[in-house]
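Engineer: Listed here are the chains, written in short residue letters.
There are 2 protein chains.
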Amino acid sequence: MPTSKRRHILREVSGGATAPCGFEAAGVRCGLKDKGPDLALIYSVSRAAAAGVFTRNVFQAAPVLITKERVGREPVRAVVVNSGNANACTGARGHRDALRMAEVAAEALRVPPRSVLVASTGVIGEPLPMRKVVSGIRRAAEALGPEGGKEAERAILTTDTRPKSVAVEFSLDGRPVRVAGMAKGSGMIAPSMATMLAFLTTDAHVAPALLQSCLVKAVEKSFHRITVDGDTSTNDMVLLLANGQAEAGKVTSRHGLVRFQAALDRACTYLAREVVRDGEGASRLIEIRVRGADSEQDALQIARTIAGSPLVKTAMAGGDPNWGRVLAAAGRSGVEFQPDLVELRLGGVRVVREGAVCSHDKKAARRAVAEGEVAVTLDLNGGEGAAVVWTCDLTAEYVRINAEYHT
Amino acid sequence: MPTSKRRHILREVSGGATAPCGFEAAGVRCGLKDKGPDLALIYSVSRAAAAGVFTRNVFQAAPVLITKERVGREPVRAVVVNSGNANACTGARGHRDALRMAEVAAEALRVPPRSVLVASTGVIGEPLPMRKVVSGIRRAAEALGPEGGKEAERAILTTDTRPKSVAVEFSLDGRPVRVAGMAKGSGMIAPSMATMLAFLTTDAHVAPALLQSCLVKAVEKSFHRITVDGDTSTNDMVLLLANGQAEAGKVTSRHGLVRFQAALDRACTYLAREVVRDGEGASRLIEIRVRGADSEQDALQIARTIAGSPLVKTAMAGGDPNWGRVLAAAGRSGVEFQPDLVELRLGGVRVVREGAVCSHDKKAARRAVAEGEVAVTLDLNGGEGAAVVWTCDLTAEYVRINAEYHT
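Protein chains in written order, with my numbering: chain A, 37 to 443; chain B, 37 to 443.
In isolation and in its complexed conformation, chain A is listed as follows (with noise of 0.2 Å):
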């Protein structure tokens, strides 16, 4: 968590992911799902040094082969984003597809094939209409402007019931930096993954290297702390650009990089949450707190195991204190732990002491868990070891939602 010393450092701003100078973007609607902007364009004015984080999911489309490919290796000037098809489990024709739409948007953009980012997301296993598609890239590049993200933003969307970004300030050598980006979930979030595409923009100056770990280390504590459903799409990336064209000098203080990460963390986490809350059906923004462990890596299995329940996320999706479930959970996650020494908490209300039932407020644990953010924190009184996770409920709409949608 950012220190009241950082929170003066950082502000939020307006602007989403083209809030940082030099980037545009564009949504526009090609006809891949049924209605609203599909397909989206981020475009750097200015070569971009390039992070990414990738699926680790043995099945991975095309688009995500291709991206991977060229990330870190060379320069890039454009992100181009189609929402209603994964273009996955598509084979050669597949991975023809989604070359020619890195073409088709560097054509458009006057920049090289190579500078030029792609990703997919939507159904499994159908070809992309690339009549259609060509269509919108070329339209796309045209509407490219500023103040293009927020559509965008909504063309990167599948279930997802709002659009999700983020643009924060920090300052370095006495000048504005920015760092911002945009997500879509909203099923198939698992936290083994990035899960789900988010795309970075930043204004800083930074190496390419340096990108990468810095886009890592967010990555790891805030993407990878998410979980809608367990299921890590064969889709997911979280990009990050940046372009140096904020007035600052380049990062590479220790404290400018020190600001950097955490505008980054920031963003991140931002982003990573705003996924969860929206996540598929879900009605409750679930954080999950365990300490206590022998291990940061205990801490962050076991609350994994919690927020991946579908017992307590159908609990809490009835608005029940249903702490036996949570419990129920931790057990069985396969870290080792002194049963006896447990302590829960719902919200503010411990129900758990020694391992069994406390006497407690059941209105006060009740109204704990029926809030919009609901705080599950798990002591075991053992070691040092800490972490969060976050997962929203499971509720009657996730399955109605999923029932349902194509194929």
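Hints were generated in silico from the structure; no laboratory data involved.
None of the values given here were measured: they were computed from a predicted structure.
There's no promise every hint is true.
Since copy identity is lost for identical chains, a pair holds within one copy or between any two.
Derived BS3-like pairs (lysine-lysine); straight-line CA-CA distance at most 30 Å [said to hold, decoys possible]:
#1 LYS399 - LYS253
#2 LYS286 - LYS399
#3 LYS104 - LYS168
#4 LYS168 - LYS71
#5 LYS399 - LYS71
#6 LYS399 - LYS69
#7 LYS69 - LYS168
#8 LYS286 - LYS104
#9 LYS398 - LYS71
#10 LYS253 - LYS286
#11 LYS168 - LYS253
#12 LYS186 - LYS399
#13 LYS286 - LYS398
Given the coordinates of chain A, assemble chain B onto it according to the supplied hints.
Structural biologist: Relative to the frame of chain A, chain B by itself:
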């Protein structure tokens, strides 16, 4: 699977858990559940060898701790089971209550207290209303009889919609031997443990150590291969009592052992599948077969990941042949394999070849997942490893049940 020869040897018989000679049972209502019987007693007319497999959850309910300690140490005469209250996370009082349940049953049955095993299932963290329980145990002891299995089967249920029992017979030395059992689900069913309550009985004469190894083998391929929601409860146990009342001799020969194991496997697999078929809110039984993996362990890990995927399970609830979600789940299982060799069949319809969608009869694929039993077969075309896991679909009814069940 039984060969046709074994099929000939093994036959199903009626009578449920009291089908083997020398077993009696009863189920009565003592008022722990809203309605129906909620206290069961299983009784052997003679001393029985006992074997058990128990939850691996760190939090283990008082009856689990007590029963675990007794099984295999001394001969067993009875099992007392209540539903509606798990007697878990209830501290020292819970431990005393579970011991008292065994004592009261022992008094009523005039058998040694340590020859009675205890099991509980239901809400976690509430003390048992012992006055009701004690009265129920005494009435159950009076009601015992060879026909009492039916009521006992009902008395162990919680959110199950129907009782589950099985009885099979084989012959040894030309004389019949029976293996039978009853089980209850239907939430908190997970592959890492015995996953629910199951009580098996046999009139075979088997030494305790051998009995335990037979049970472990049978459970490994049955109850350990099912999942409803990935949650392992604090109370899971599978018990097997062997009282040797059949007229056949002691099971010692390799020949006899093979027959006994086949009968036990059949009974356990039947009950395990029934538990899944009656999983909370389930409308379909889904059989996930993975083959062509480098090892059985790899195949099992992939099958379990698919079986645990909420996206696969909700697609099945919607009767949607969404093979992309099956591949995506396989791909995040943590097992390495060649994605471009993968074949996938839904029922008899091949929908994926060489890792990408292939032309197929879409109506036939849709029909294949609209049945009450759905077969999903993933062939990695690698090694010889194969495994089968059973699960059920994830419906809005599952969420309703678990959002509303207590506390």
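Engineer: Now tell me if each hint is right for this structure.
Structural biologist: Comparing the hints with the structure gives:
In this assembly of identical chains, the alpha carbons of LYS399 and LYS253 never lie at most 30 Å apart, being 40 Å within a copy and 47 Å across copies at closest. In the homo-oligomer, the alpha carbons of LYS286 and LYS399 never lie at most 30 Å apart, since the shortest distance is 55 Å inside one protomer and 59 Å across protomers. In this assembly of identical chains, LYS104 and LYS168 lie within 30 Å of each other by CA distance solely inside one copy; the values are 25 Å within and 65 Å between copies. When the C-alpha separation of LYS168 and LYS71 is checked against a cutoff of 30 Å, the pair qualifies only within one copy, where the shortest distance is 14 Å, while the shortest distance between copies is 60 Å.
In the homo-oligomer, the alpha carbons of LYS399 and LYS71 lie at most 30 Å apart only across protomers (27 Å), although the nearest pairing inside one protomer, at 44 Å, exceeds that limit. In the homo-oligomer, the alpha carbons of LYS399 and LYS69 lie at most 30 Å apart only across protomers (23 Å), although the nearest pairing inside one protomer, at 45 Å, exceeds that limit. Taking the closest pair of Cα atoms, LYS69 and LYS168 come within 30 Å of each other only inside a single copy of the chain (11 Å); across copies the shortest separation is 60 Å, beyond that limit. Taking the shortest alpha-carbon separations for LYS286 and LYS104, only the intra-copy value of 25 Å comes in at or below 30 Å, while the best inter-copy value is 65 Å.
Proximity of LYS398 and LYS71 under a CA criterion of 30 Å is satisfied inter-copy only: 25 Å between copies versus 46 Å inside one chain copy. Taking the closest pair of Cα atoms, LYS253 and LYS286 come within 30 Å of each other only inside a single copy of the chain (20 Å); across copies the shortest separation is 64 Å, beyond that limit. For the homomeric pair LYS168 and LYS253, neither the shortest alpha-carbon distance inside one copy (38 Å) nor that between copies (57 Å) is at most 30 Å. Taking the shortest alpha-carbon separations for LYS186 and LYS399, neither the intra-copy value of 42 Å nor the inter-copy value of 40 Å comes in at or below 30 Å.
When the C-alpha separation of LYS286 and LYS398 is checked against a cutoff of 30 Å, the pair qualifies neither within a copy, at 55 Å, nor between copies, at 56 Å.
Hints 1, 2, 11, 12 and 13, counting from the list given before, are not met by this structure.
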